[in-house]
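Visitor: Here is how the chains run, residue by residue.
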Amino acid sequence: NAGVTQTPKFQVLKTGQSMTLQCAQDMNHNSMYWYRQDPGMGLRLIYYSASEGTTDKGEVPNGYNVSRLNKREFSLRLESAAPSQTSVYFCASSELGFGANVLTFGAGSRLTVL
Amino acid sequence: AQKVTQAQTEISVVEKEDVTLDCVYETRDTTYYLFWYKQPPSGELVFLIRRNSFDEQNEISGRYSWNFQKSTSSFNFTITASQVVDSAVYFCALRSYSGAGSYQLTFGKGTKLSVIP
Chain A
5 NAGVTQTPKF QVLKTGQSMT LQCAQDMNHN SMYWYRQDPG MGLRLIYYSA
55 SEGTTDKGEV PNGYNVSRLN KREFSLRLES AAPSQTSVYF CASSELGFGA
105 NVLTFGAGSR LTVL
Chain B
7 AQKVTQAQTE ISVVEKEDVT LDCVYETRDT TYYLFWYKQP PSGELVFLIR
57 RNSFDEQNEI SGRYSWNFQK STSSFNFTIT ASQVVDSAVY FCALRSYSGA
107 GSYQLTFGKG TKLSVIP
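Same order as they appear, the protein sequences are chains A and B. Taken in order, the first sequence gives residues 5 to 118; the numbers are from the numbering used here. Taken in order, the second sequence gives residues 7 to 123; the numbers are from the numbering used here.
By construction, these hints were calculated from the structure, which means they are not laboratory data. These numbers come from a predicted model, not from an experiment. A few of these clues could be false.
Unchecked claim - Sample of chain A residues at the chain B side, in silico, Cβ under 7 Å:
1. PRO43
2. GLY46
3. LEU47
4. VAL106
5. PHE109
6. ALA111
Glycine is no exception: its CB is placed at the ideal position from the N, C-alpha and C atoms.
With the hints as constraints, model all of the structure from the sequences given.
Guide: As structure tokens, then:
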């Protein structure tokens with residue numbers, strides 16, 4: 005099925021460990037996003053990539069890095085995980101930026117940092 | 007600054023009751039878009055509706071309806087004859103111009119709806 009695929013779905017890390025969340029979309033969308041969802045906080049934008057080759061910070065970028073590997077793939081890296089990064093992470097894509105286009109979301113990745 | 011307020015954190019209704027989820031937004035933009043997304047217990051976010059600021063017509067889709075009122079900066083969502091499958095967290099979102107050629111999509115904190123059989 006067409007859509008946004010995130011891996012892994014679940015991950016437990018120890019403080020200081022690093023990991024990369026992978027995201028791929030097969031809808032030929034130009035723009036991709038990483039959000040985090042925390043209880044009572046809604047969804048907050050971490051980073052986005054308006055088009056292949058560009059990335060920009062969102063509302064909460066500290067502690068994260070991203071790579072737009074190609075048009076399909078957008079990864080999120082935690083270099084030194086902290087308990088404050090315990091969250092559910094969502095990748096999303098859209099045809100073209102934050103226009104009127106609808107965002108299509110992945111199923112989410114639940115990360116726990118001990 | 008853009009802001010979306012969903013004042014209702016959690017709502018419980020009995021099956022077949024009608025329920026309205028409130029969404030109030032703030033923006034200085036004259037052209038903007040409003041969205042509703044549903045997040046069922048499975049966790050994935052599902053798009054429900056998009057509305058632009060020039061179209062104040064209310065919309066109905068089956069048991070779902072949306073009331074957009076620019077005068078009160080509200081975009082409320084009503085479910086008629088609720089069903090257990092409607093149990094989910096619902097997010098309202100605002101897309102508006104944030105300056106310097108950029109746009110942003112701001113989500114509310116969500117309303118958790120529980121429909122009790």
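Visitor: Please go over all the hints and tell whether each is borne out by the structure.
Guide: Each hint tested on the structure:
About 9 Å separates the beta-carbon of PRO43/A from the nearest beta-carbon of chain B, more than 7 Å, and the hint is not met. The beta carbon of GLY46/A is positioned within 7 Å of a beta carbon in chain B (closest approach about 4 Å), and the interface hint is therefore held. Annotation: LEU47/A was flagged as interfacial toward chain B, and the flag holds, the nearest CB pair being 4 Å apart, inside 7 Å. For VAL106/A, the suggested interface contact is upheld, since its CB lies about 5 Å from the closest CB of chain B, less than 7 Å.
Restraint check, PHE109/A versus chain B: the minimum CB separation of about 4 Å is within 7 Å; hint holds. Contact between ALA111/A and chain B, as hinted, is supported at the beta carbon level, the nearest pair being about 5 Å apart and thus within 7 Å.
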